[in-house]
Amino acid sequence: MMNDTRAFWQQTFAIIWKDLRCELRARQVWVSMAMFAVLVLVVFNFAFDLRVDNVAAVGPGALWIAFVFASMLGLGRTMAAEQEHGSLDRLLLCPVDRKALYLAKLLGNLIFIGVVEVIAVPVFAAIYSLPILTGMIVPIVLLGTLGVAAVGTLFSAVAANTRAREVLLPLLVFPLIVPVVIGAVKASQALVSPVPNDPPWIGLLIAFDVIFLSISAITFPYVIEE
Amino acid sequence: MQVAKESPGTPTSPPLDQSLPRWLRPAWRTVAAVWRPARPYAFAAWRPVQRYGEYVLAAATVVTVLAAVWMAFKYAPTDALQGDVQRIEYFHVALAWIAFLAFFVVFLASVAYLWRRDERWDWIARAAAEVGTVFTTLVLITGSLWGHIIWGTWWAWDARLTTTLILWFIYVGYLLLRSYTGRSESGARAAAVLGIIGFVDVPIDYLSVTWWRTLHPSYQVPLGQTAQAPASVVSTLLVAVLAFTLLFTFLMLLVYRMQRAQSVAQRLRARVELE
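Read top to bottom, the protein sequences are chains R and C.
237 is the number that our numbering gives the last residue of the first sequence; the numbers go up by one with no jumps.
279 is the number that our numbering gives the last residue of the second sequence; the numbers go up by one with no jumps.
Read the hints as simulated data drawn from the structure, not as lab findings.
Virtual Cβ for every residue (Gly too), placed ideally from N, Cα, C.
Incorrect hints may appear among the rest.
Looking from chain C toward chain R, a few residues come up when the C-beta cut is under 10 Å (computed) [stated by the list, open to error]: (1) A84; (2) T166; (3) S190; (4) A196; (5) I200; (6) I208; (7) T214.
Sequences and hints are given; from them, build the entire structure.
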């Protein structure tokens, strides 16, 4: 039993390390994801003609749109790259627990998106001049990203099997993550301008994350089984 | 030696069959089949249902839909506040009920497919998703028409409307996924996963959208289905729900059959190409 658990985590970290090394050598995804996120923040500034009076209302939404769009780029790549190099089949041939594979891909995606967020949040705070850099932003960003990545990792495996993977992934994921986007935007907004009697948005994010992590982990083996 | 006329395997029709008048025989055969099935493990009652059930269902659908239309426009009283416009409620509410039922069917069939791996569950899921998407589209359209007159706007971001719209997006995504993956087993599995997750998402969605809108003024809609609603309104609504349930079942049956035919056709084509 003890050995099983150890083997599970060893497999998980081996896959994460493989993905990280690939990315560190090629630097395909990280740079473009971060650039894209910052670019979205800048474009939103023009699109809404942001001023002091409306920036608090629009800013958190723009931040999360930037995160979600950038996540789609990264999520699409992780499984598609495996599929293109034919390495997914080899990975499935290895005696790796399918749940370890899901967890590894999820944690890998979290690291990818997390790096982008570490860059994008300070940029956001600077160019929108909002007091968002408090301690509370960390759990909000983490929980929101986890929700997006939990669903996104599952459907990146679904979309990688199809002809139109770049188009299909956001079409499948965006409707499902609406609760996460609402919760995360509202929680971030409460940081900027506190609202009395706000519903427990963090609780909603936690509930969503728990439910979707479990369902995704259970159903992931069905998606990649050959 | 006398040669037996019938091979031992074929079930003999009961003697009573011959003595009955011709028009009573199908009914008797049905009773006899249920009473004494030829193959005990195959529920023999299915055979007449398979053969005639479709026509009975079609006839019942036509009758109840006509009855619902008549009741909605003639029998039900005109609403005191909304006038004749309120009559759209009978179709709108009935359609909404069937749309949610359809996605529950997709969910159940998806779970059953992943569990049993019987492609018939996959056909059921797909049929329910196709018909359910059409019904959801009609719910959104009828609701929009109704809202345009009563609320003065085509669309309001209230919890029910928003959730229905997101539901619609999820199941259009489901149908897109099915069309992209084609008729493959991996495509069926992926769609089943989406069918499960999409259904689980709906309550969380509803909760979040309700919270999202708590601080905003909500529209006060006199829906006419309060406790004081007259019996004629309630009975019209019930007949409409029944009519659309039958229509949904009938359409699902047709789509299911089309799915089966397409699967069989694809399998035959693959075999011909191999040979």
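Against the structure, the hints:
The beta carbon of A84/C is not positioned within 10 Å of any beta carbon in chain R (closest approach about 36 Å), and the interface hint is therefore violated. Using the Cβ-Cβ criterion of 10 Å, the hint placing T166/C at the interface with chain R is satisfied: the shortest such distance is roughly 8 Å. Because the closest C-beta pair between S190/C and chain R is about 6 Å apart, less than 10 Å, the hint holds. Checking A196/C against chain R by beta carbon gives a least distance of about 7 Å; that is within 10 Å, so the hint holds.
For I200/C, the interface hint holds, since its Cβ comes within 10 Å of a Cβ in chain R; the closest pair sits about 7 Å apart. Using the Cβ-Cβ criterion of 10 Å, the hint placing I208/C at the interface with chain R is satisfied: the shortest such distance is roughly 5 Å. Hint status for T214/C: holds, given a least beta-carbon distance of 9 Å to chain R, under 10 Å.
Checked against the numbered hints listed earlier, the structure breaks hint 1 alone; every other hint is satisfied.
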